[in-house]
Every structure is written in structure tokens, then in C-alpha cells.
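J.: Next come the chains, spelled out residue by residue.
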Amino acid sequence: MTVVHEEPTAGADVPTRRIRVTVNGVTKTVELEPRVLLVHLLRQALGLTGTHMGCDTTNCGACTVLVDGRPTKSCTMLAVQADGHEVRTVEGMSTPSELHPLQEGFKEEHGLQCGFCTPGMLMSAKALLENNPDPTEDEIRWALSGNLCRCTGYQNIVKAVQWAAHKMRGEQA
Amino acid sequence: MTAVDERKIGGLGTSRKRVEDDRFIRGKGNYVDDIVLPGMLHMEILRSPVAHARIKSIDTSRAWEVPGVHLVLTGEMAATRNLAWMPTLSYDTQAVLATDKVRFQGQEVAVVVADDPYIAKDACELIDVEYEPLPALVTPEQAIAEGAPVIRDDKAGQDDNLIYTWEVGDKDGTDRAFEQADVISKLRLHYPRSHPSPIEPCGSVADFNRATGKLTVYMTTQAPHIVRAAVAMIAELPEHMIRIVAPDIGGGFGNKVPVYPGYVCSILCSILLERPVKWIEDKTGNLISTGFARDMYLDSEMALSKDGKILGVRIRADADHGAFYADAQPSKFKIGLLHSTFACYDIPNAHLMARGVYTNKAPGGVAYRCSFRVTEAMFFQERMMHAAANDLGMDQAEFRRRNLVRDDQFPYRTPFGFLLDSGQYHKCLEVGLKAIDYDNFREQQKQARARGRLLGLGISTMTEPLGAGNSREFDILGIKMFDSAELRVHPTGKALLRIGSKTQGQGHETTFAQIVSHELGIPADDIVVEHGDTDTAPFGMGTYASRSTPVAGAATAMVARKIRAKARAIAAHLLEASEEDVEWELGRFYLRSSPERGVTIQECAMAAYGNMPDGMEPGLEHHAYYDPPNMTWPFAVYIATVEVDPETGVWDVLKVVAVDDCGVRINPMIVEGQIMGGLTEAYAMSSMQFQTYDAEGNCIGSNYMDYLLPSAWETPGFELHSEVVTPSPHHPIGAKGIGECAAVGGPAAFVNAVMDAISHTGVRNIDMPLLPDRVWEALNQRRDVSGAPPVRAED
Ligand code: FES
Ligand code: FES
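If you read the protein sequences in the order shown, they are chains A and B. Each residue of the first sequence is one higher than the one before, starting from 1482 at the first, in the numbering used here. Each residue of the second sequence is one higher than the one before, starting from 3 at the first, in the numbering used here.
Chain A with its partners taken away, still in its complex shape (with noise of 0.2 angstroms):
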């Protein structure tokens, strides 16, 4: 078990709060600022910085994770808000040896241009998988529709979840 400790403040009499929180299996006591979000939580003092941030207006989905298997936008979390809870990042999805259906769909149908919203929209997509695993292209682009992307069109991305839930549904079979 990891146990990360964040210093507070330098010389700040600020006030921290303990939390503890399981992040891709692991589960880590942090000490942190109350008013830090989730998303600086996971990609500066965890390091997992394929959680991306792209705005600061819970529109473009950049920063979604699954906290408890929902879909979240974490910048609009704060990281306090996780504590005892259960959160996933793109960087769970794999293991070392073998990529999640979802991550080679995106790359066979070429889903992904500048790669940005990807893990935002890996976690989004995976989620819809767990709860409609034979979903129509409309639920698939409903599922998507919090997660922006200004590089592909989305027609290839909807064709990646298709090729992922294909590909599951024939594992489960």
C-alpha cells in the first residue's frame, strides 16, 4: 500500500483535512487543503496525470473519471469529497499486458486525433459499457455527449465503443 503524505502550504497556516481514498485498487491516506479538487488530487500529488483538465466549467469532460463506477467530472469535485470512496482513472484500465477493449477500439477505428479528451472519454465510454453492453449509436453519442473532442468528429469514437462492445460481448459469449 502506498501511503502519500502532501505537505502542506509552505509556511501557510492552513488548515488540512486526512483523507483516504482508493484510487485504481489502491488506497491512499492523503493530507490535503480542503478546497483542492479531485483532479489536482490524482494528477500532482498522485502523479497519474492521464487525467487531463481542460476547462473550469464542467463542460468539456477532459477530467472525467468513475468515482463508485460513475462517470465524474473531477475537476468539479473536491478530492475531500472522495474520501472512503472508490475512484478510476485511464491509467487503471490496463494492465501491463492487455489493453481494455475500449482503449484498442479507439486505436483500431482511430479514435483519437491529439489525444487530449481520450481519457475522458475512455472512462465515459466504459461506464456505458458496464450498464449497456449492446448500446445504439444514439445512446453511445448521448453517453458521450458530456465529454468534448475538437479533433475527430466523434464518428470514429462512436465506432470505438461499437468495436469495444463487439469484441466484449463475444468474450462474455
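To be clear, the hints were calculated from the coordinates, so they are not data collected in a lab. You may find that some hints are simply not true.
[Said to hold, decoys possible] Derived pair list, reagent style PhoX-like, types lysine-lysine, alpha-carbon separation capped at 25 angstroms:
1. B:Lys58 - B:Lys157
2. B:Lys19 - A:Lys1648
3. A:Lys1648 - B:Lys30
4. B:Lys334 - B:Lys173
Place chain B with the ligands on chain A using the hints.
T.: The following block gives chain B with the ligands in isolation, referenced to the frame of chain A:
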């Protein structure tokens, strides 16, 4: 032994999967904000809340008192280092930190460097700035009005708000064409201000090392070498002691070409503090202060004969550049390549007059997915074509057929002086019409209209000049716009390619290896592509204006050919023959007299290091600089069909067809990805995405709640056609470039479709975006709807 099968090695024309994806799908990309250096501090910017005001005082004392703050920097302090102002890429100056006045909302006033970004933001809020408000000017009309306050009173001799006037074409010939016209068609419109808005905002990590004197800057830039040259000039540091690194870039679209005050401040702070300083812009900062695009007023007349031939066009353009003339574009062309407008049509006479104007808005005028103002050029062209066909009472497709340049006219000289290299325009148009089932749709449209349903079809046909550009005409800051490649083939036949251009998502690491594979027969998987680091990459002018494939791609082919020439000499030596007796097939040299005797390129590589001919310099590496002889001219036809709801003004896209002839496709999968991305931006601009200003100069569109981008839900599906291929005759592999075409040509297809659906109203124009309330107003008030700022109070 026979030639290598190009399809099996990921060569030209194969839809090779992207190598960069492996890191991105794992969350292992390396974007600027992912970079953490030991001892790194964080910088935040205090921006002006007002559009135009004199700065009476700045008090930073409370900010300095915040624990964890290391530096509070104002313009006055920057001035002591001669850094309060900097040159722009268009030979103007731009404030780094405001000293005398603020000239647009969001302008940089001060920066704070602290232990973490939260502290830096807190401290920014404690800086007290006293402003004395001045009237804000938000349109060219206001700015050039008699008695308007002079925005750039910092510039000696500037006593109005005019930046330039620029004229091109044949005025007298055009006047004569108008005298002979049967019909004169007119159109005036505003192409709204738009922001490229990549999802990743701008940022930098500056690291000045006092011990070595070296400055390293990791930054979000599409043009690292231009930045190095600019930093050398701005910061007066020796160029060899500056290293600019562009790591993974989260989209650029032109936004990441200019040098912004944030970058410069992070550099200055790192020099002052002798510690690494990171600056990551927030989305609002990105949207209100960095390079916008468009914001142009276009007014034109077209002279026509009764039978539908265009005799001449006359165009007036007013470009709103904001507070500083900070376009990133070739020096010679004041308003970019706007004069490429109407290039695909056979028109004998044309004349263009353009003015550039300062206003109290963010500076820019960048090439947003665009080869320097060609987006405005082609949008205007196709809106004008639509209006003219209606004025003539002629079918939209037929009117274009009568005027498109014919295959036998290439190379074709346009009235503005461009030379179109090649194309099959009529064939592309017919492919598009067939795909949309043109005649059938017209019939359906008629029937639907009879039942009160409003269907419409919009056509946009266009070519654009890509690959700036030849050294006779193109330079930025005096540096000619060539590009470069350097290739090293290792002893075992694996290779390293370094290129002067830089990807922001287009997949250079994948496609540039394919060009080498095509030339040398080395499998693409055996070639690694590096770029973006000025210490290792050869000098290049960057990636924008679709110039990577036309220029750096050509350099890549040329360097591979140099390698092949040397390998041929080695092959002759290995085969104990003279070079003239040696033939090449992909991946292999062989003896003409006995083709079964040959050596592979890999065997030649090994011999280059171990068994070279006497007197030959060892090794197998080369570089090439490519100065393109002409622009490349891809052609495209975009057709959209829509249905407008007469009750609400909401319109839905029924179908979109895209026919792109971009010459030889290096990687068809990636080409299609570029087209779909471009079409999405085209849809965005026509339907929702724009920035405007109110009368006080407040930017409307400063975050993603106001600046609307389409999600997967709104974005329509696209049908792409690739059956027409006209290789560029002057490009080494016949490629033409594709990154922008759909964003350039697409908007007019959507707008023309909506205008077609409401043609019964007689309305000539609704300015983009075609928001439902604008369409509703046109339908119900039967009048043109302008989108020009300032926005009305009720909006
Ligand atoms: S960064 Fe969280 S929604 Fe944009
Ligand atoms: S791939 Fe660039 S934003 Fe989606």
C-alpha cells in the same frame, strides 16, 4: 528476392494504425501540464476586467504578503528588462504586461509566481489596480469613425485605428467587366469571430539554468523554431542557449502558433527566480486573450452574363484585428491569402481592397484550421455563388458547372495571380451530386414545400492554396517558409527521422514514417519519427496552414532519396558492378543483367558502416531542406441537406456528403479523420460557435457555457468520398494536404442549405452562427439578420 510489398510494410496509401495512440490510450501522453521539474513554481496571470482603460496605479503589496508567493511581476518591472512590450509576427508590437493602458478585456496586467497555483491565484486577487475607463471600440466601423479614441497611442505617428490598407487585382479590368454585365449580384456579410479552442489550453514550463546559461522551455507550440527565434529577439538571449520543446500538444488549430505574454512571463520569471516556472492557462484565459480567428466584414459585387458566366468580382474586406496586429502569417500578405477567393472558378477579372483595423478586442487573426484567411475567402465565395445563382434564377449545381475551371485549363492562373497546379473539379462535383441524389432531393424538396416543410440543400465547392510557401513570396519575420527533414539509417537498417514540423494530433509520427517506407522500402515500424525539440529537430517553420505534408512531407521524401542515392553506390560496390548497372525496386537494388542478384536496403545500411567503397564517407544519414515551387491545390465539394422547423427556426442536418481530392493520400484512415474533424468545426461555426462582444467590450464566449462546441450528440454523421485523386504535379509524392479543407469549405454548405430551405422569404443572408432565433427572425420578419457586435441588450 523481389521488391518489398508496400502494403505489408505500412507504406504510402496504407491505413496504418497510429503509433502515438499507444501512449494516449493508456493516459501516458506527455503534455505540458504533465511536466514536473524539481523546484518548480507556478505562475498565474491577473487579467484586465475592462476593455479599454488607463491604468492609474497598481498596488501589489498585499499580494507579496501571501505566504508561498515568490514573485509579483508588473509591466513596470518587466520594462526594466525591456520586456513590457514584444514584437508580433506581423511587425507590430504587443504588450506583455500592460503599463500605460489596457486595450482589451483579458489583457495581461500582472503575474504572480508561488509554490502552487492555488496560492498564486489567491495572490492575484489581492493586487489592486485602479483603472480610468475609456470608451471601448468593438467594430471596425466604430474604430474608424471620426473622432474615435486612438487605441494604439503607444505608437508614434499612429493617430487613428487603421493598421493597413491592401489592394490586389486589376481594378480597371474589373470596372470594365461590370460595365458589360447583364446582372450584378451583391452580398454583404460578417464572418464572426471564432476561437480555435483546442481542448488543451496554452501553457509553458520555463527552466533557466544560471550555471549553464541555458533556457529550456516546454510549451504548447505548433512552431518551436519560430518561437526560438522570437525568444532570442524578445529576451535578448543567444539563440544557441535556447531550447524550445513542444511535447504532446492537445490540439492546436492555429491557436498555438503565436508567442503569447504568458510564455514570455514564465521565461522572465524563471530567469529572475532561477527556478523552473510553470504557467497553465485556464480556459477563460485561453478564450479571451489568445489568437482568435475570422472577424471579417465582406462586401462584394459580382458581374454576370445572362447565361451564367461570371465576368468579374469586386470585394471589400474589413478585418478586425483587435488591440494588436498579431496575426501569424507570411509578411508579404497583409490579410493572408484572402485573395485566393474564387480561385476554383474561371473568372477573367477581380479586384480586392482590404483594411485592417484596431479595436478593443483580443489580438489575433490566426489561421484557425486555415491557410491564412482562406476560410473567410471560401466561405464568402460560396455564399456569393449561392446568392448569384438565385439572382440569375439558375440551378445551384448548373451555375457552378458553368464557371468551375476545366481540366484542360491547368495549370490555371487566377485573376489574383495564383497558379492552380491541378484538379478535376467537374468530376468531383458530379460525384457529390450523385451521392446526395441531387435531382431526387430537389423533387422531394418541392413536395415537402407544398406541405409546409422546409427542406434545403447547400453546395460548397472550393480549392485552397496549401503548403506555404515558396521562398520568392513567403517568409515570417524574414525567415523563408521552407521545411526540413533529417534521416539516419542505423547499421541494422532501422531508422530515425527528424522533421522540422510538429504534430498537434495529426499523426506525424505515423505518416512521415510511411513516406520513408515508400521511398526506401524500410518497414514503417522500423522508423521512429522525432520532432518538436529545437535542440534535435532540423529548422522548420512549424505546422499550420496545412503545410506539414506539402512542405515537410516533401522534405522527407527528398531526404530519403538522398539516402537511396548513397545506398545505390554502396549496392554497386557490394554487387561489384557499376552504378549504372544497378536497378532499384522497393527495398532492394539488383543487377539489371541478373535480377536475382541483389542487396536489400538493410544490407546497404550495414555496409555503410562496415564495408563501404574506398573513399566513401562512412554512415548513412542526410538532411534536406525543401523550398516548394508552388502551393498545392486540393479541391473539395461539400453538400449538406437540412430541414428547418418553421415554428422554432431550429434546423437539423439530414445528410452531409464530402468529396475531397487531396492528391495522393499517405494514410487514408488519417485523411478521413482530418476531414471529419474539419466538417465538425464547419458545423460548429455554422450552427453555434462564435465570440461576440457587448458595447462595453465584454467578451461573450469566454467559457464553454457561452462558447458552444458541438458534442457527439449534436454532431451529424458524414459520408466521405475519395474516388477522385489528382496528384500534385510538383510535390515529390503527389500529396496536397487535407487538414483544413473541410473546416474551410464546410461552413458554406450548411449555411447555403438553410438559406435554400427558406428561399421563399427572399432573405439573402443570415450571419453565422445560424442560431434558431436568427433563423426564426429571418423567417418571420423576412429580413437579413446581421450577427455583428455589439450584441443587443436583449441577447
Ligand atoms: S476539465 Fe473538467 S469538465 Fe473540463
Ligand atoms: S482527440 Fe483531440 S480533443 Fe479529442
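J.: Of the numbered hints stated earlier in the document, which are not met by this structure?
T.: none
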